[in-house]
Structure formats: structure tokens, C-alpha cells
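Undergrad: Here the structure of chain A is known, so what remains is to put chain B in place on it, guided by the hints.
Sequence lines, in order, name chains A and B.
Okay, so the first sequence: first residue is 0 according to numbering that gives the first Met the number 0, each after it adds one.
Okay, so the second sequence: first residue is 0 according to numbering that gives the first Met the number 0, each after it adds one.
Simulated from the structure, these hints should not be mistaken for lab results.
It should be emphasised that the depicted structure is a prediction, and the values quoted were computed from it without experimental measurement.
From the three backbone atoms N, C-alpha and C, an ideal C-beta is built for every residue, glycine too.
There's no promise every hint is true.
What the hints assert, rightly or not - Which bits of chain B does chain A cover? Going by a derived footprint, with three or more residues having C-beta under 8 Å, they are: (1) 26 to 32; (2) 35 to 48.
What the hints assert, rightly or not - One side of the interface only, derived from the structure: several residues of chain B facing chain A at Cβ under 8 Å: (3) G18; (4) P19; (5) V21; (6) V22.
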Amino acid sequence: MLLPLTVIVFVAALLLLALSGWYAARSRLVDDRLLLVGAVLELGVLVQAVVALVHLGSVPGDDAETATFAAYALTLPFLPPVAVFLSLKEKTRWSMGVVAVAAFAVAVMTARLQQIWNLGG
Amino acid sequence: MAEVTPASDHDAPRSTRSGPGVVLVAVYGLLALAATGRSVLQITEYFSRAPLAYGLSAVAAVIYVVATVALARGDRTSRRVALVAISVELAGVLVVGLSSYVAKDAFPDKTVWSHFGSGYGYVPLVLPVLGLLWLRRTARSSPDWA
Numbered sequence: 000m001l002l003p004l005t006v007i008v009f010v011a012a013l014l015l016l017a018l019s020g021w022y023a024a025r026s027r028l029v030d031d032r033l034l035l036v037g038a039v040l041e042l043g044v045l046v047q048a049v050v051a052l053v054h055l056g057s058v059p060g061d062d063a064e065t066a067t068f069a070a071y072a073l074t075l076p077f078l079p080p081v082a083v084f085l086s087l088k089e090k091t092r093w094s095m096g097v098v099a100v101a102a103f104a105v106a107v108m109t110a111r112l113q114q115i116w117n118l119g120g
Numbered sequence: 000m001a002e003v004t005p006a007s008d009h010d011a012p013r014s015t016r017s018g019p020g021v022v023l024v025a026v027y028g029l030l031a032l033a034a035t036g037r038s039v040l041q042i043t044e045y046f047s048r049a050p051l052a053y054g055l056s057a058v059a060a061v062i063y064v065v066a067t068v069a070l071a072r073g074d075r076t077s078r079r080v081a082l083v084a085i086s087v088e089l090a091g092v093l094v095v096g097l098s099s100y101v102a103k104d105a106f107p108d109k110t111v112w113s114h115f116g117s118g119y120g121y122v123p124l125v126l127p128v129l130g131l132l133w134l135r136r137t138a139r140s141s142p143d144w145a
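Chain B with its partners taken away, still in its complex shape:
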């Protein structure tokens, strides 16, 4: 695969993995790892205990993996994929976060997104916001950080 040229006087959007983006990719990668691990464990060990919560854990894991790969690739198609994945992620953490307080019975065990991601230092709540801001920022070509 060809390397993206760093030339800033191009019309093309900047790579999503450059500069601060590399930190974002790293945090997404870590959450993808954590969510996948947790989800595999929950589903293989005790799925019947809380099917809804564990199903959502699996959904979250898939979304984190997709977002990580899309942000790390950073080409035009990947940007669109990342935008969808991160939007779903934001909606997910808000809906599941709220539901875990309102409908406690449906969530007898925790998911990555329950209680707005408090089990992960609220990183799952902050990350999609940063991700969306970053996608918007890199859509313009000239870097104003650095």
C-alpha cells in the first residue's frame, strides 16, 4: 500500500493517523483489545446470565475494532467508515449508559458502555467525541497543530 504523502498544500484530507491521531489510534486499539477480551470471556463463560448486556459488549468490541482499523488506514473510504463507526459508538455509549441507570434489570452485569463507561475511566464516553472532532479537523488539509 502506498504511503500517504505528507504534503500540506494538497486538497486531499490529512491522514487520520498523523500527529495527535496516532494517540487516538492507540487508545482505540487498546479499547478494542479490552472490549474484545471482555466480550469473548462473557460470551464463552456465562452468556445466559445477561444475554443483552453481553450481546452489547460484542457489538461494542466490533465497533472499536472497525474504528481502530479505519482511523489507522485513514484513506477516503476509511474516513467514511470511521465516521459511521464512531457515530454508532457515541450513540451506543449514550443509550446504553442511560439505560444502565434507568433499566437496571436489563443489565445485571456490566458492559463496556454501561454507566457511560465508568469502568474504563469514562474513556468510552470521551473517545467518540474526540474521534468526531479529529475527523472534522483532518478533513481540512493544513495542519494547525504541530
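Next up, chain A with everything else stripped away, as it sits in the complex:
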């Protein structure tokens, strides 16, 4: 797939992971900076989902790989909004843990997307 896009999403996810971890340690709540990083990440996974669906026909491997690829690409855009929504509702430092979990999941799933794509060599 588009390697630069994967890199952008991956870096944004790691940044959100680091930021939320730091906020949790400092007992800080969600603020504009965290929302901005979350928005960048969300934009990235949305573009990634569109790109993935457009290129679905050329996913290497069998049907199972194609199905996994599509499922990951379509699930990813749901993670940041749900995490941010929970962090707005739960006003304790633990909500930053939720954001961290979601950011980590986005990083892992994006890496898996790229891994499946690379099966084609």
C-alpha cells in the first residue's frame, strides 16, 4: 500500500500513545493538544481506509487475507473517536489509559495492514 501513509499513521499513533501515557502519569485530562493529535490520527486512518478499499482487488494472498485487510482498514477509523469520547466522559487520569490502549491498537493494526500488503513482495 502507500508506505508514506502507513508511516504517518504509525507515527501519529505512537505520538498519541506517548502523549496519553505522559498525561496519565501527570494526572492531566484531555486537552486541545491531545485532541489535535487524535484528529490527525483519525484523518490518517480514514484516508488509509479509502486507499485500502480502492486497492482491495490487489491484496496479495487468499480470500482470508483480503477479508482481514478490509476488516482492519474499516475498523481502524472507529478506534480514535471511541477513545476520545470515553476520555471526555470519564474525567479521571484513567481515561488517558483508554486513549493509550486505542493508540497502541491503531499502531499494531496499521502494522498488520502493511504486513499483509507486503506479502505480495
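TA: Below, chain B alone, put in the same frame as chain A:
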């Protein structure tokens, strides 16, 4: 549905989704998603290859979904449901984890619980322990975290 009052001088057990519980619910939700996705794929694409392993994947998926919902609701009935679901989950990950090493033939393909959840960073092994501890902790009313 009425919101649970956060008053700590009540006799009622604390909500399982408050404080650290919200992280627990999030991780359970993520595993529920992963297990359901994997299970649907395995059963629709190649069930005949490893019926036992894929059947267990489906069982695991259902249990994660039930545990997530029960922990997120957090009322009295949900606590009991969560306790049963998480106990089954712990037993499942231990039995399937051990079987996948001892009886390799029965598990030609992986499930969420095989090899004690090594495919998911051993999260499936740690999570039920944390879940049970959390249920016990919240059964007492006063919060000693925060």
C-alpha cells in the same frame, strides 16, 4: 437508564467502569472485537480445517463480548454475569493454553487462547486475573485509588 451516583458513603458496590475500570472495559472491548473478527473469518472461510480450535475461538469471542458489556454496565446483575464470564475466560485460557502445548494435533491452527494467548502479547492470560481482582476491589465501596 439511570446514572450510578458516585457517592462513596453508600453500601452499594462501586461501578465496575469507574476509574481503572474504564481501561479494563476498553481492553476487553478490543479483545472482543479481535476475537469476534478472527472467529467470523475462521468459521466462514475454513471451518473444516480445525473445527475444535475455531469453535473455541467463537466461544472466546462470545465470552469477551459478554464480559465487556457486563463490566461496562456495572450494576448488581452485571457483576454476577461478569464474574461468571471472567471465571470461564480464565479457565478457558488455562485449559486451551495447556492443551495447545500437550495436544498439538487438536490445534492445527491458532485460537485466541492457544499458547496462553501469546499471539496477543499474553493479554488474554493477564486480563481475567486483573478482571477478577477488579471485581473484588469494587465490591467494597470506598475508592482507595484516585
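Undergrad: Run every hint past the structure and note whether it holds.
TA: Hints and how they fare:
Against chain A, the segment 26 to 32 of chain B contributes 3 residues with a C-beta closer than 8 Å to a partner C-beta. That satisfies the three-residue criterion, and the hint holds. Three residues within the 8 Å Cβ limit are the bar, and the segment 35 to 48 of chain B against chain A gives 4, so the coverage statement holds. For B/G18, the shortest C-beta to C-beta distance to chain A is roughly 5 Å, which falls under 8 Å, so the interface hint holds. Interface restraint check for B/P19: the shortest CB-CB distance to chain A comes to about 5 Å, inside 8 Å, so the restraint holds.
The beta carbon of B/V21 is positioned within 8 Å of a beta carbon in chain A (closest approach about 5 Å), and the interface hint is therefore held. Given the 8 Å rule on beta carbons, the hint for B/V22 holds: about 4 Å separates it from the nearest Cβ of chain A.
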